[in-house]
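Chains as they are written, first to last, in the numbering used here: chain A, 189 to 370; chain B, 189 to 370.
None of these hints come from the bench; they were simulated from the model.
Keep in mind the model is a prediction, meaning the values are calculated, not measured.
Some clues are possibly wrong.
Which copy? The list can't say, so a pair holds if one copy fits it or any two copies do.
What the hints assert, rightly or not - In the PhoX-like style, the derived pairs of lysine-lysine whose C-alpha atoms are separated by at most 20 Å in a straight line are: (1) 254 to 203; (2) 274 to 254; (3) 203 to 252; (4) 203 to 245; (5) 212 to 196; (6) 196 to 346.
Spelled out, the chains give:
Protein chains: 2
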Amino acid sequence: MTVLNVIKHRFSVRKYKPKPVRTKDLYAILEAARFAQSSNNLQDWRFIIVRNENTRKNLVEATKGKNFVGEAPVVIVCCGINTNHKMTCGQHSYVIDVAIAMENMALVAWERGLGTCWLGAFYEDRVKELLNISGEDTRVVGILTLGYSALSAKLSGKIQKLNLNPKKNRLPLDTIVKYETW
Amino acid sequence: MTVLNVIKHRFSVRKYKPKPVRTKDLYAILEAARFAQSSNNLQDWRFIIVRNENTRKNLVEATKGKNFVGEAPVVIVCCGINTNHKMTCGQHSYVIDVAIAMENMALVAWERGLGTCWLGAFYEDRVKELLNISGEDTRVVGILTLGYSALSAKLSGKIQKLNLNPKKNRLPLDTIVKYETW
Numbered sequence: 189m190t191v192l193n194v195i196k197h198r199f200s201v202r203k204y205k206p207k208p209v210r211t212k213d214l215y216a217i218l219e220a221a222r223f224a225q226s227s228n229n230l231q232d233w234r235f236i237i238v239r240n241e242n243t244r245k246n247l248v249e250a251t252k253g254k255n256f257v258g259e260a261p262v263v264i265v266c267c268g269i270n271t272n273h274k275m276t277c278g279q280h281s282y283v284i285d286v287a288i289a290m291e292n293m294a295l296v297a298w299e300r301g302l303g304t305c306w307l308g309a310f311y312e313d314r315v316k317e318l319l320n321i322s323g324e325d326t327r328v329v330g331i332l333t334l335g336y337s338a339l340s341a342k343l344s345g346k347i348q349k350l351n352l353n354p355k356k357n358r359l360p361l362d363t364i365v366k367y368e369t370w
Numbered sequence: 189m190t191v192l193n194v195i196k197h198r199f200s201v202r203k204y205k206p207k208p209v210r211t212k213d214l215y216a217i218l219e220a221a222r223f224a225q226s227s228n229n230l231q232d233w234r235f236i237i238v239r240n241e242n243t244r245k246n247l248v249e250a251t252k253g254k255n256f257v258g259e260a261p262v263v264i265v266c267c268g269i270n271t272n273h274k275m276t277c278g279q280h281s282y283v284i285d286v287a288i289a290m291e292n293m294a295l296v297a298w299e300r301g302l303g304t305c306w307l308g309a310f311y312e313d314r315v316k317e318l319l320n321i322s323g324e325d326t327r328v329v330g331i332l333t334l335g336y337s338a339l340s341a342k343l344s345g346k347i348q349k350l351n352l353n354p355k356k357n358r359l360p361l362d363t364i365v366k367y368e369t370w
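Produce the entire structure from the sequences given, and follow the hints as far as they go.
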């Protein structure tokens with residue numbers, strides 16, 4: 189499958205089978221994060237792999253009641269470090285660098301038959317408390333649930349179709365692309 | 189090539205051939221951005237494709253003197269809109285969403301034999317002025333140069349080797365990954 193096809197077919201998985209993620213798949217996914225580019229090669233990311241059931245269940249409340257966070261066999265809590273560093277453009281490098289690494293993981297997961305859901309809706313303080321992330325200088329940028337989709341092939345097909353129909357789900361290119369000037 | 193191999197082999201290209209980018213390649217790259225996931229499917233990204241030589245040359249100064257910005261046949265200026273929107277975790281969605289779309293573009297470009305360099309070192313005000321990006325609500329998150337690498341195969345191989353040697357260029361997994369807790 190080409191990278192573009194992985195991108196086109198991927199959708200957010202919010203219902204997981206209890207089936208564990210194979211070590212070699214998790215390894216490949218983490219390598220995808222590790223090899224990501226970052227601002228000045230700062231590698232200002234850290235990832236906490238949560239598989240413990242109690243911790244995952246506790247994360248449900250911290251993610252505003254998302255039960256699938258408790259059901260997914262793996263939850264990857266993606267953190268930024270050196271969070272004071274800004275690029276000349278004014279953006280904090282850690283936010284963008286962690287996002288790059290997370291997207292790499294989401295794509296490699298999909299290619300290996302695994303689903304993810306990228307969460308930004310969580311109470312950061314609560315997540316930090318649950319996982320003993322101390323220090324103002326560390327931020328939780330996103331949470332990635334990881335596992336096998338529990339959706340039937342039929343329903344998966346429907347969702348993919350919906351995602352692939354630009355009129356339904358994505359703006360057309362001429363809305364999002366401009367030429368030469370704004 | 190697997191997605192993981194694209195990620196592992198990709199490196200930032202800072203020297204370009206004048207050879208133009210084929211329309212079908214640019215189209216595939218933009219589709220990679222368009223199909224990216226975003227917070228609440230906001231699609232809070234806009235992309236300006238700059239091919240005009242004068243504009244590219246003007247962008248050199250705005251990117252702190254990076255001559256390759258003037259040499260790359262295509263420069264994609266990646267903007268965020270609705271920039272007041274924050275996710276529950278406290279991060280602005282536009283920064284992360286634009287980063288996801290940019291990474292998708294960088295990976296699809298590489299798979300199609302094209303190099304990119306992701307720039308965060310630019311004077312945003314100057315870029316906005318040059319491209320008539322008005323409004324405080326629009327931010328330039330990153331700039332992606334795009335084109336064929338002018339490096340010899342031998343030098344490209346060396347760079348790839350360097351990138352692939354974790355001891356040289358990337359922290360080991362056990363530094364960036366933690367299990368169950370920080």
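Handout entry: Earlier hints that do not hold, by number
Key = Result: no hint breaks.
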